[in-house]
Amino acid sequence: MTVQVQVAAPIQRRSAASRVADGRNLLGIGFMIPAAVILLVFLAYPLGLGFWLGATDTKIGQSGRFIGLANFVSLARDTVFWLSIFNTTLYTVVASAVKFVLGLYLALLLNNRLPFKAILRAIVLLPFVVPTVLSAIAFWWIYDSQFSIISWVLIKAGLLDHYIDFLGQPWNARWSVIVANIWRGIPFVAITLLAGLQTISPSLYEAAMLDGATAWQRFRFITLPVLSPIIAVVMTFSILLTFTDFQLIYVLTRGGPINATHLMATLSFQRAITGGNLGEGAAIADAMVPFLLAAILFSYFGLQRRRWQQGSRD
Amino acid sequence: MANVANEGMEYLETLPRRLVTVYLPLGVMLFLLLFPFYWMATTTFKPDAELYDYERFNPFWVIHPTLEHINKLLFETSYSNWMINTVIVSVSSTVISLISSVFAAYAVERLRFSGSRYVGMAIFLAYLVPPSILFIPLATMVFRLGLFDSDLALIVTYPTFLIPFCTWLLMGYFRTIPYELEECALIDGASRWQILTRITLPLSIPGLISAGIFAFTLSWNEFIYALTFISSSENKTVPVGAITELVEGDVYHWGSLMAAALIGSIPVVILYSFFVEYYVSALTGAVKE
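Protein sequence lines, in the order shown, are assigned to chains A and B. Heads up: the first sequence begins at 2 in our numbering, then just goes up one per residue. Heads up: the second sequence begins at 9 in our numbering, then just goes up one per residue.
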């Protein structure tokens with residue numbers, strides 16, 4: 002690993018340039034070995050293995066045989082699987098859209114001149130820092146059917162006459178998990194967009210003011226266009242994380258009531274680990290890949306546009 | 009980070025207007041973002057009598073604070089084991105990832121070996137592979153390797169999401185170090201190893217701290233691998249133990265559950281509060297380049 006290249010070594014017959022290039026390649030490969038071994042063995046190989054498992058009937062404690070697309074054929078007739086696709090799409094679209102709007106709004110608010118700005122920013126990021134499972138446990142308690150503080154406040158305010166069954170009714174449960182996901186995701190969007198906002202030169206806004214632009218016009222024609230490349234990247238990450246979410250659902254509902262909140266990730270866990278059908282679970286996980294690829298392409302073009310706007314080579 | 013934006017025009021806004029357009033919405037947002045933590049903390053210190061009686065005791069306040077729940081958590085459950093496991097796993101996987109990432113990032117960004125561009129791209133793609141599609145095949149591997157139900161299963165699998173992140177972040181950081189510094193050292197006869205250890209790494213300490221802090225919190229938060237690869241109670245990590253071991257059938261001990269959530273969050277929050285700037289630069293750096 003620690004291949005050393007002595008640059009001051011005596012020059013041999015080959016040209017200096019090719020010798021340096023060889024040394025670089027050798028050393029480069031040597032330096033890559035630790036990361037490459039871990040990523041190839043525990044990331045690339047399992048990624049391939051996942052596709053293979055999806056085409057077998059492997060169960061826990063019993064190696065499977067190749068059954069082609071049979072898992073996918075049976076999934077295509079499985080209403081729970083389709084329901085999980087519907088839930089995942091709803092969850093991702095609604096939560097990401099709200100996270101974007103509220104996150105951008107919070108970023109704009111924080112971009113004002115404020116007292117204790119550094120502390121405010123640190124506090125805002127807290128929901129993102131605290132382990133998701135642990136904050137989800139707090140939400141579980143907030144959503145309790147008998148002791149929910151939200152229900153209690155609404156009843157005291159005279160707006161309700163009964164406790165809300167947050168996690169017991171299908172649609173209530175869907176909205177409840179979406180709200181919890183939004184709560185956790187806003188800080189990430191807000192803080193990363195705030196970093197983007199801080200790079201916008203104030204002179205652009207001053208020029209627009211002199212031209213008589215309203216606040217909305219300044220936002221629409223300066224802030225949004227300048228920020229759009231970073232928005233593309235941040236939202237790709239946000240969508241990716243929301244789409245593959247597992248923890249929040251596992252803590253709050255485990256996919257219930259009657260599968261109403263099962264996401265593809267939680268359904269795949271339930272079939273593979275709880276139910277023991279590793280092959281079927283892997284097939285569900287494989288079905289997530291096309292969506293992920295779409296998100297990655299989106300991110301790739303977002304990055305391209307950013308480079309183009311900054312006038313950088315590459 | 010400089011806070012320059014908009015300042016040039018702020019004299020145009022009156023205080024009452026700012027109150028409604030800035031401070032009020034900001035206050036509401038902060039309240040909503042922080043309320044779950046407040047609720048977590050008050051529940052931890054409330055005796056059961058107050059916890060389940062909103063009529064006689066105002067739920068927003070703790071009237072007779074008690075350490076009963078924390079006491080029960082620490083001395084009647086395996087919570088302290090989970091804490092120790094989480095620390096061991098997080099520290100080891102962070103150290104392994106940081107070391108391999110430093111070499112990988114230096115090789116891609118500075119040695120520029122042939123094909124380094126493609127390696128850099130592959131690392132970015134690896135960064136986008138979510139644990140939710142890897143846990144099933146990894147579970148079968150962990151089982152075959154005989155690592156099931158051990159800390160080692162987590163220590164070897166966590167770097168799969170930490171290395172791509174750390175490498176990507178450090179690549180961006182190395183790019184900001186002037187190449188001329190390395191050229192000077194090369195001319196003075198330094199080896200690549202010397203350049204890395206004497207010049208690049210000392211200059212990258214802030215980047216290393218950012219990557220380390222972020223990697224540590226990511227491993228502390230990890231859930232799906234720990235849930236899948238660990239089965240016995242004393243080997244669990246805090247997030248998994250809290251959700252699987254503290255609920256007995258239909259009986260929820262909310263006090264202890266909230267205490268588990270609160271105490272499990274404290275180490276990361278303390279670390280975060282000391283290194284906020286590094287954490288934020290890791291977060292923004294990760295999406296920037």
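I should point out that these hints are in silico values taken from the structure, not numbers from a laboratory. Possibly wrong hints are sitting among the right ones.
[To be verified] Calculated pairs, SDA-like style, for lysine to any residue (alpha carbon to alpha carbon, straight line, at most 20 Å):
hint, chain 1, residue 1, chain 2, residue 2
1, A, K157, B, F43
2, A, K60, B, L59
3, A, K118, B, F39
4, A, K157, B, A193
5, A, K118, B, E285
6, A, K157, B, E190
7, A, K118, B, L42
Computed from a predicted structure; not experimentally measured.
**Message:** Tell me the hint numbers this structure goes against, listed in increasing order.
**Reply:** 2, 4 and 6
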